[in-house]
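Chain order of the listed sequences is A and B. Heads up: the first sequence runs through residues 356 to 760, numbered per the working numbering. Heads up: the second sequence runs through residues 43 to 154, numbered per the working numbering.
Check the hints yourself; a few may be wrong.
[Said to hold, decoys possible] Think about it this way: if two alpha-carbon atoms lie no more than 20 Å apart in a straight line, the pair counts; the simulated EDC-like pairs of lysine to aspartate or glutamate are:
1) B/Lys75 / B/Glu116
2) A/Lys358 / A/Asp563
3) A/Lys694 / B/Asp78
4) A/Lys694 / B/Glu117
5) B/Lys120 / A/Glu607
6) A/Lys694 / B/Glu72
7) A/Lys494 / A/Asp563
8) B/Lys75 / A/Asp532
9) B/Lys122 / B/Glu72
10) B/Lys75 / A/Asp691
11) B/Lys75 / B/Glu117
12) A/Lys564 / A/Asp691
13) A/Lys564 / A/Glu361
14) B/Lys75 / B/Asp146
15) A/Lys357 / A/Glu568
16) B/Lys75 / A/Glu607
17) A/Lys494 / A/Glu361
18) B/Lys122 / B/Glu142
19) A/Lys694 / A/Glu607
20) B/Lys124 / B/Glu72
21) B/Lys120 / B/Asp130
[Unchecked claim] The following label-pair restraints were derived from C-beta to C-beta distances:
22) B/Gly97 / A/Asp691: 21 to 31 Å
23) A/Asp691 / B/Glu142: 48 to 58 Å
24) B/Lys124 / A/Arg470: 30 to 40 Å
25) A/Leu436 / B/Trp98: 51 to 61 Å
26) A/Arg470 / B/Gly97: 18 to 28 Å
27) B/Glu72 / A/Arg470: 22 to 32 Å
28) A/Leu655 / B/Lys124: 49 to 59 Å
Derived from the structure by calculation, the hints contain no laboratory data. Just so you know, these numbers come straight off a predicted model, no measurement behind them. Each residue gets a CB set at the ideal place from its N, CA and C atoms; glycine is no exception.
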Amino acid sequence: MKKFGEIALGVVTSIGGFLEVGSIATSAQAGSEFGFQLGWAVLVGSVALMFLMEMSGRLSAVTTRTFADQLRERFGIRGFLLPLVAVLAVSFLVLSSEIGGVAIALQMATGVGFRVWALPIAFLGWLVLWRGTFGTVEKGAAMLGLVSIVFAIAAAALHPRWSSIAAGLVPSAPAHDRARYWYLALSILGASISPYLYFFYSSGAVEDKWTTEHLSVNRVTASLGNIFGGGLALMGVVVAALVFLPRGIRVERYEQLGMLLTPALHHPGFVFFLATLGITCFGTTLEITLSLAYVLAQGLGWTWSENLRPSRDSRFSTTYTITIFLAAIPILLGADVLKLTNVSMVLTAASLPLSVLPLIVLMNDREVMERHVNGIAGNVALVAIAIMSVVLFVVAVPLQIMGGG
Amino acid sequence: MRIPHRSWSRLGAVVIALAGALVACSGATEPDKQLDSLRSWQASVRLATSAVHLGWTPRRYGRQLHDQGASVLEESRKAKLKDASAADSAAIRGAQRALEASLDSLAAAAGS
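In isolation and in its complexed conformation, chain B is listed as follows (with noise of 0.2 Å):
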């Protein structure tokens, strides 16, 4: 009987080793998930706005991501961000500036 109750254990531990290596793995911190987000909806809404003069479905489709790009931007200016240092909030705040230019871009191309 003892010995399926060490394997278990061992089972349990190897779990529990296996979680921790993975919080050691994971290295982004919330400011730059925010900032590599940000900057990654920027990019999404340029690629939209490149396609907009393609045809009546790529439009409509680039109004739909205007609308889905402004409310994360409108997230992002909610959000109160933790062990965010002066520098990851001047650089929030750059990328916020840079993705609402964007979305005007495309507000403007896409007519919405």
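Here chain A stands alone, though its shape is the one from the complex (with noise of 0.2 Å):
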């Protein structure tokens, strides 16, 4: 029972903390220049993140360390400096796309411009990180979060074709704007595969005590959990499919989403469009910041956890402090949220080899996982992965250029 609970309460987190600003948005583009065409890209990215978060998992509950502790120890410092550096760059990155989230969620509500909302957007995530643990980090941001099942929602109320869906899971070809397509492709993949989640999963599960006996959690929860949250990114391709679509809504700004639910739910539409994007790039913002830190910490062999007191973790608590006012800054300046979150999202998306590669000779030692290596299936994932994740870095730039605009 109390398995189950944990079970339970591990695939709602998930779900509720699956959708954030990069999902949000590039499900909404994908949707509204390409229809369903690009729920592939979707479907792989959840499918890539359930068997990179349940080998980080597995890695923690085996070792009882994190990913992190693990790259430094197997590779030393000079091999960890380099996953260590892109991982903190492009998650820098994203937490400043996800500020912008809340800001721009927050001045669609109140009509007071973004730029305003970001310090003091830092310093309710400070406070959170300072005076919570966690449990309240991980569960309770997710919980909220889970009123982004409201796209779930508006998809079944705009009742779509599910044959036209399921004939978007398969990839196929565009008829027009082929580089757009792929730098969707691309950034709806960096938006799913982000660095930072399997990191901040890995060090999750060391500070929840898991062991060899969490393993069936650890596989469930991973699995479901994407799957959910992975249809719950798919249900935001079919609204921006069905709403933007056919009116010829191409989003340039953040600002146009707006509208994304209000034509299938009316007004309770649009404020649960404007809560799903504050609460869930919130949550985000709060996981984002405790995995910079705990990245920096774990590499650098610090005193590291959200459940002590920060004058217990100074560096620690330090770290976030500093990390989430700095990525409050460009919001500060005015940065486009839309232009920093793809931008971003494309980074990320190049950044996957740096961290992916190492997990394959990891999840193969038997020195570090025992008898619990990867099997032939997580082996033919993997490599698949750090197939995509190559190709991804070698196309990001190129695209990024050519589909970008």
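Please dock the two separately framed chains into a single complex, following the hints provided.
Printed below as a string of structure tokens:
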């Protein structure tokens, strides 16, 4: 019964925490420009994340150490430095985008410009991190994030043709604007497979004191959470395809998204869209800030835990304090949130090989994983993800130049 | 030592070929993009206009979208387009007028 409760909580947490500024923006852009045709990118991203989270969780449960700890130990500080810098840099950009997402939601709700909200959001986020525990951050924010189920309700209310949605889950060549199509596919993959997610998940497993007894909890949480979460992102594509595409709306600024759910759900649709954007982005702001502090603290061997009082792990708490306020600066200066989001998603996709390739080594090392090394299916999936990550790395910059406009 | 050099050259060639292929893929010209953008904003403004009666939050949102649509229109009028034919310019002017009319309707509905 206790295990069932842990699984249920874990799945709910994953669903509530899946949507954020990147997945909302990229799903809406994909649906508004290509209908259901990019559904496959959401599916691939969700399945890839499911495998990466399961493996990073398994690694932590078996070793009682985090993925970042293992990276440093196995590859040395020099081998760890490149993934560290890449994860910190791209996650920082994503963090700024998330703060921007909350700020845009508040702007749409109050009429007060988004720049004004940047520092109050950073302060509120810092306060939650300073006063709260890991459970507050992980479960509290994700529970509130369940409001994002409104995307599924809106999609159902619009009576889509489910066979057309299913057809979109199979990759097909676009009839127009090929560079834009592949750019959006890349952005969706970047939004789905953010390295901070599996670094955070791995740290969470250690915070929650997972052992090999939690392997089944890990497997079910990573699988169901990402399948249902990915389903919500897919519903974002569906709603945009049914609301924006027929009207000829192409999302150029975040503010255009405000009406996304209104044709389906009227006034509650507008309110729930703002709530979803604000709450999910705020939850992700907390997770990324913590994840950045975790990776740095674990890499440099500092004492770290969100469950400790800040005075007990002062370098860790100083890191998240500085990070969250620094990340608010681009928004304070008026950065275009949608462009920042798209660029950060593309760079996230480009950075994937640096964390995915070492995972292949760690998950097959019997000294590290003992009898819990990857099986054939796990390795096939991980190699496929690694190949995809290398392709994304190669095409990211050309696609940003050609399709980002 | 030659083998890695060759493989890096090949990788470079692949990246260049890929970039070249992408250049060939992207067909939209500047006037096309401008026209798409104006039409997209007009559609966004119309959708917001249809929702302002739903309550004070959509009304407030409508006023924000009006201001952003107006700045898009302003930028479009200032922009000097390369490769624009007479037909392109006429289509863009038509789209600008249509957006302006939609913005006026939104302003009237949202009380901005």
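Practice prompt. Would you check the hint for B/Lys75 and B/Glu117, treating anything up to 20 Å between C-alpha atoms as holding?
Written response: Roughly 13 Å between the alpha carbons, so the hint for B/Lys75 and B/Glu117 holds.
Worksheet item: Do the Cβ positions of B/Glu72 and A/Arg470 conform to the proposed distance bound of 22 to 32 Å?
Response: 30 Å Cβ-Cβ, so the 22 to 32 Å window holds.
Discussion item. Holds or violated: B/Lys122 and B/Glu72, Cα atoms, limit 20 Å.
Written reply: OK: B/Lys122 and B/Glu72 at ~10 Å, within 20 Å.
Worksheet item: Are the Cα atoms of A/Lys494 and A/Glu361 separated by 20 Å or less?
Response: holds, 11 Å
Practice prompt. Could you grab the alpha-carbon distance between A/Lys564 and A/Asp691 and see if it respects the 20 Å cut-off?
Written response: Roughly 40 Å between the alpha carbons, so the hint for A/Lys564 and A/Asp691 is violated.
Discussion item. Next pair to validate is A/Lys564 with A/Glu361; report whether the Cα-Cα distance is within 20 Å.
Written reply: holds, 13 Å
Item to complete: Decide if the proposed pair is consistent with the structure: A/Lys694 and B/Asp78, CA atoms, cutoff 20 Å inclusive.
Response: holds, 18 Å
Discussion item. What's the verdict on B/Lys75 and B/Asp146, does the C-alpha distance respect the 20 Å limit or exceed it?
Written reply: violated, 23 Å
Worksheet entry | Proposed proximity, B/Glu116 with B/Lys75 (alpha carbon, max 20 Å) | holds, 16 Å
Worksheet entry | Restraint status (C-alpha distance of B/Lys75 to A/Asp532 at most 20 Å) | holds, 11 Å
Item to complete: Confirm or reject the claim that A/Leu436 and B/Trp98 have a C-beta distance inside 51 to 61 Å.
Response: holds, 53 Å
Fill in: Satisfaction of hint between B/Glu117 and A/Lys694, Cα-Cα up to 20 Å
holds, 18 Å
In this structure, the hints that do not hold are numbers 12, 14, 23, in rising order.
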